[in-house]
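Asker: Listed in order, the protein sequences are those of chains A and B.
So the mapping is simple: this note's numbering equals the position in the first sequence, first residue as 1, plus 32.
So the mapping is simple: this note's numbering equals the position in the second sequence, first residue as 1, plus 187.
Keep in mind the hints are simulated off the structure, nothing from the lab.
Even glycine gets a Cβ: it sits at the ideal position worked out from N, Cα and C.
Please note that the accuracy of each hint is not assured.
Stated by the list, open to error - Just the calculated beta-carbon pair ranges, DEER-fashion:
| id | chain 1 | residue 1 | chain 2 | residue 2 | range |
| --- | --- | --- | --- | --- | --- |
| 1 | B | Glu-1245 | A | Arg-303 | 55 to 65 Å |
| 2 | A | Arg-303 | B | Ala-254 | 21 to 31 Å |
| 3 | A | Arg-274 | B | Ala-254 | 50 to 60 Å |
To be verified - A few chain B residues that face chain A, going by a derived Cβ cut-off under 8 Å, partial list only:
| id | residue |
| --- | --- |
| 4 | Gln-243 |
| 5 | Thr-387 |
| 6 | Trp-949 |
| 7 | Ser-1172 |
| 8 | Glu-1179 |
This is what each chain is made of:
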Amino acid sequence: MFRFLHAADVHLDSPLVGLDRYESAPIEAVRGATRRAFEHLVSLAINEDVAFLVLAGDLYDGDWKDYRTGLFFVDQMGRLREAGIPVFIVAGNHDAASQLTKNLRAPDNVQFFSAKKPETRVVEALDVAIHGQGYASREVTADLAASYPAADGRLFHIGLLHTSLDGRPGHAPYAPTSPQILAQKGYHYWALGHVHKREVVSREPWIVFPGNLQGRHARETGPKGCTLVTVDNGAVRHVEERPVDVLRWAVARIDADGRASTGEVLDRVARSIASEADRTEGRALAIRVEVVGAAACHGDFASNPEHWAQEVRALATSVGSADVWIEKVRFATERPVDLSQLAKRDDAIGSLVRDIEAAAGDPAELEALRASLGDVRAAMPRELLDGDDAVDPHAPKTLADLVVEARELLLARLARQGPTS
Amino acid sequence: MKILELQLTAFGPFGGQTLDLSAGNPGLHVVFGPNEAGKSSALRGLHALLYGIPGQTNDAFLHPYDAMRIGGRLRHSRGTEIAFARRKGNKNTLLAPDGTRLDDHALDRFLGGESAEKFQAFWGIDHARLVQGGREILEGQGDLGESLFAAGSGASNLRKLRSTLEVEAAELYAPRGQRRAVNQGLDKLRELRAAQREATVSVDEWTRCQHALRDATEAVTNLSTQAQELARERSRLERVKRILPLLAERKGLHERLALVADAVLLSEDFPQRRHQAETALRTARQALERREEELREQKAIVDLLGPTPPLVAESDAVNQLHIDLGRHRKALLDRPKLAGQRSEQRALAKRLLAEARPDLEIDAAMTLRVFVGRRDRIRKLGTERARLDERLASAARDGDKASEQEEVLKREASELPSARDPEPLAEVIVEAQRGGDAEGEREKAVQLVKRLTAQLDAGIERLGLPAPAADGLDDLRVPSAAAIARFESRNKELDDEVRTTKSERQRLDKEIRQLSVKIETLHTKRAVPTEADLSAARTRRDAAFELLREHWEKSLDVTEKARELLGQGKLIELYPRTVAEADEVADRLRADAEHVAMLAHHLEDRDRLGTEVEDAEASARRQKEQAAEIGSQWRTLWQPVLNTPPSIDDARAWRTDFEALLERSQALVQAREELLRLDAWIEKQVEGLSAAVTALEPDARLPARLAAAVAAGEKLRQRIEKEQRARSEHGRRTSETRQAILDAEKAKRAAQAEIDEWQRKWTEATRGLLPGDAAPADDVLAAVDTVEKALRALDEAAGYDARIAGIDRDAEQFRVSARALALRLNETLGPEAEDHWVEDVHNRLTASLQLEERRRQALSLLTRLRAELNRDGEAVKKADLALVTLREEASCGYDIDFARDEQRRIELRTCRKEIERIERELIRGGDGASIAELESEAVGADRDTMDIRLGEIGTLLVEVEKQLTAARDARASAQAELGMLQGPSVASDKAEEIQATLAKLREDVVTYARLRVASALLARRIDDYRRRNQAPLLLRAGAHFREMTLGSFDGLEADVDEDRPILAGIRPDGKRVPAHGMSEGTRDQLCLALRLAAVEASCATGEPLPFIVDDVLVQFDDKRTAAGLRVLANVARCTQIVLFTHHGHVRASAESLAECVGVIVHEL
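With the hints as constraints, model all of the structure from the sequences given.
Answerer: In structure tokens:
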């Protein structure tokens, strides 16, 4: 009987995305999160006395150049060397582009697989064969697994591969293959990487994405870590998810229905945050708060969303047992009365709603709105203009969203009496 | 939608009030609530009815949250109605009249899709918002688009909103801003990126540092090796130089040693050890001899003491018997004393028994022991009996006392008055009191009638009305206000004309006067001829010439004519004078042409003024006629009312006074009716009271006044109630007394039962103690005590018996033991000789034991001496053996002299010691090399060249050390540099910060864009709205404005100011006044007019909703208030308007308009 650890997508020193450092944010609690998660992984390997560790690609971000990161990795590998734990690694798409991978001299307990052809490493003492092939370049579109050798029926076989398998949303289709092709190889366990969400694709044979070690943005929610595999008598006996993350990401959706006041909605938000915080088992929590539903207090939120976001941040300091970082507060409430009802009436508000509706489809109007933004787009950094969280104000989708938000802001503030605050 | 009814069931200060708003079509409802009446709560209630009670509300101070209710009925414009109630809550707040739940959206259709905020903003207005709207117009410089949009949306903050959007956006970003959030974020991002680049350790940098370290390390290694080799060489040379003399000395010693090599070398302490061994042998032998002598002596002593006698073996038995002997002797002495005490106790027992039961023998006394066991029980029963007797007596006493009380109560019952029912009287009194101080009210009504009558009479007199007019004021055909106004207008016009004419006339007179002065002045200065003067002079001259010519040509006598024309004198003389005069005038005219012209001008003006004066006089006459005509018409108008009408100017005041009088007259009628009502009511109450009192007391007579009658009735009622209470009290006491008698009986029976039970127990406990059955309790108790004492004496006597028997038994045992011992010792005893024999044998034993102790000590000493003798023998053997060993060590037998070859042995030792010393020095100075290595190292060494080589090596070594230090420094700095490159990743910290900055930047950019887009959208929509709605809104609002400003403005128009459309009012004369140039009050009215026009427009396109107005007319004067109400009533034709006010003048105005424009007034 022996055990081994399977991890992937470490992305060492890759920064956490989307965490605005507001005054009460728990900055220290999440500093160097990917490093600490990796340290946890190494400690887990030592404490569980595993036979070896397999890493299925993407140790570093492709464009990351700081050699200190590589040294940190070597240092951690040194800890495993002292504990007598060998490490088997295939390069992923990020590693292929990384200068660190090419230049790093790891201790002798670390073995990298070739990027040119599949290789097999045998752990004689355990009768284990590990097959793997790394990425030679960032974009590998060939089915690498197809060339892996078939199992010989004598040893326990592990396939180590960085792949999108038959396609996973949000992940580039690299080294595509299929569970059927993998199954044909006759291996006992396929240790995959690349997909950041944990997934047990199959149990016959075992095909596992362990997910990444540490969530890095609001789309990577829930526990993150590695997979501890127990092998006995030439067969997998137990596959266990073991979280090693330092910061947990979560999205809390709060329904602000009916006539609930803003105070009541904030109470619900607080309860929701506290509930998420209690689930982190002492880790820090980064949480996105989304307030939804047709609500009487829609106008309050729409008229000054920034103010209410601050209120939510202030709440976070006093709830829950963990350090809580409010990543973003999104007010997606709806007005309790249908917009089309407002538009029916031939008064100023009705015509405002109708005209804004018409403007959204009028190229000249949209051009005028773009012009109203001035040169802010030119000043914006590249990261904000493309990518998953892009906010290019000239992009049709963003502009359409802005028009809707602006409309709600106007309707809410116009409905307010007295000077606006 | 129309609100038909608002039920303030449980809301704010209300508890069940209802506002019926169903009248009108849809109608203007004025809800009047003075201060504290809850006007604001009613307003909030109305809103809560339609849109729910807010989560946080100030209207729950009387009713708790869950009890709050507002009800209502609504009617849709298509005729459907809904009745419902509203409770507080987040969901399911609508209830049907039967309490069942209604769908939360049941009202949506009635509300026409308007949200709560929109309803509040657009379908309602209060004074503050009106003022705010007016201020916005001012701040917006009358911007037409903004004004229309504000009216059309109900927003009172439009301008502020626009500027806020711009300011908020500008706070976030400006193209060249520095302290804006986005700009700062961008700057920070640049800095962080630079810092990250700076902090990133590249592979090349790392490799360079590692190479530098490697090179430095290699250099250090090489130089170290070099230095070590040099040092080693130097060390070797110095060593060889150091050991050469020692090696030579060692060689010499080895040569000396060879000469004595065969000598046996003994240890240095050998002679001393030999001497010690010989002495030890000698001493041991002497000790052995001494010990043998002592042993012999001791054996002799033991033999002398002989064997142990048999008595010693029985020493325990002898000692025990000797102890028993003492006890035996004392018991024999005690026995007679005990026998005496036994007899005493038996005698006492017998005596005591004789007291209690003389019939019993002493031996039968034990049968009584059972009563001693029952002693406590008997004693307890004895005490219990007294308590039971007391309880029985107490119950009997209570019964007697209650029976007596019952008798007393029976007597009282016969004296109580009979029962009467006060309820009918109480009801009549309550009814009478419900009217309050009715007589006071009546007195007030009387006073009011008097006062009003007096005021009315005075008013009639003041107004000059005929005296009997008091009751017919309504019928008087007093000229209408319109008629008066018409006359006022005509009179005023006439007055204006008269005034104008008069002032014109004054002006003309003044000018004429001024002209005359001027003409006079011209004349005064120097009579200025005029053209007329010239003409006159010339006419005279011509006339004179004509006369002259007639005289000459026709020889006519012209003397008379000449005199008439020229005065006295001859014509021929006069003519030249006229010629001269004409010439003079002509000359003067020429000379004073200016004065002449001026004079001519003045004169001409005076003629003109004269004509004007005539016109003015004609006008004055005409006006006088008109005035007369007006006066005549005026009088005709007033003829039916007054013979002498008031002046036109005073008529309005007269009419106002008359209206006041009319009001008073109506008030008087009401007061009289009230008086009659009160009289009838009081009479009815007095009659009612009288009937009720008589029914209770037929002889009673009530006072006539209501208050006194009520008081008398109340007194009677209280008396009857007092009687009722007394009767009730008596009944209660009677039943209590009966209960007490029953309780006493019960207690007696219970006590007797307990005594019976006691008797049974007592008999059972004491039966057999005393002869007979009924011995008193005290006797029984005494008998028990006596029997107990007797039995105790008998017990003691029995104790003495036992002790005497024990003494006899012990004496026999002692004797048997003594004789058994004597038998064992083979001694014989005479009879009764046990005492003395035991004494004797004990003395003998004591002597034998002393001898036995001495023998035991002697034997112990003998054993010890034998052991010591053995040890001494061993010591002799050991000393012998030591000497044998020493001889073997010296390799000589007993016959060889130890001192032989002593010199050879000294030499041998000396050489060896020296060699050892030299070798130690060699090893110490040989840097760890062996002597053989040192010897081989020294072979061929040349002392002379050694120093030269040493000098060379020293110089080389200094140089190499210097290079080594430099190399080590280089290595240390390379290591430090590498160390700097290791550790936590600063670059990754910066990367995290960059992401944080991007996150903030993203939010700020989105917020900025949202604000800018909102601002742009709003600006464009305001303009769109203006373009589409300008014409109809201005037309409609203009009409309202005209009416509200009482015609001061004729309407509203769009104007242009610096290329932007603005709002302007049009005066009746066509003059335009920009909206922002209007006074504050007028702007407020403009706002209201615009809003009402927008409401009308909205009603035309969607479900009309009620327009809720909160005291907007508060700052309007009376005329404008009336005008405002007229306008609202007008708008109320298209949707219901509910106007809340707490101002009496608004209510009064509304009431005065009630009939002509259909205003419905409600009071909270």
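Asker: Each hint needs a verdict: does it hold in this structure or not?
Answerer: Each hint tested on the structure:
Checked against the hint of 55 to 65 Å, the pair Glu-1245 of chain B and Arg-303 of chain A passes, with Cβ atoms roughly 57 Å apart. Judged by the Cβ atoms, the range 21 to 31 Å given for Arg-303 of chain A and Ala-254 of chain B holds: they are separated by roughly 28 Å. For the hinted restraint 50 to 60 Å between Arg-274 of chain A and Ala-254 of chain B, the CB-CB distance of approximately 57 Å keeps it satisfied. For Gln-243 of chain B, the shortest C-beta to C-beta distance to chain A is roughly 7 Å, which falls under 8 Å, so the interface hint holds.
Checking Thr-387 of chain B against chain A by beta carbon gives a least distance of about 5 Å; that is within 8 Å, so the hint holds. The beta carbon of Trp-949 of chain B is not positioned within 8 Å of any beta carbon in chain A (closest approach about 81 Å), and the interface hint is therefore violated. For the restraint placing Ser-1172 of chain B at the interface with chain A, the shortest Cβ-Cβ distance is roughly 4 Å, inside the 8 Å limit, so the hint holds. For Glu-1179 of chain B, the interface hint holds, since its Cβ comes within 8 Å of a Cβ in chain A; the closest pair sits about 4 Å apart.
Checked against the numbered hints given earlier, the structure breaks only hint 6 and satisfies all the rest.
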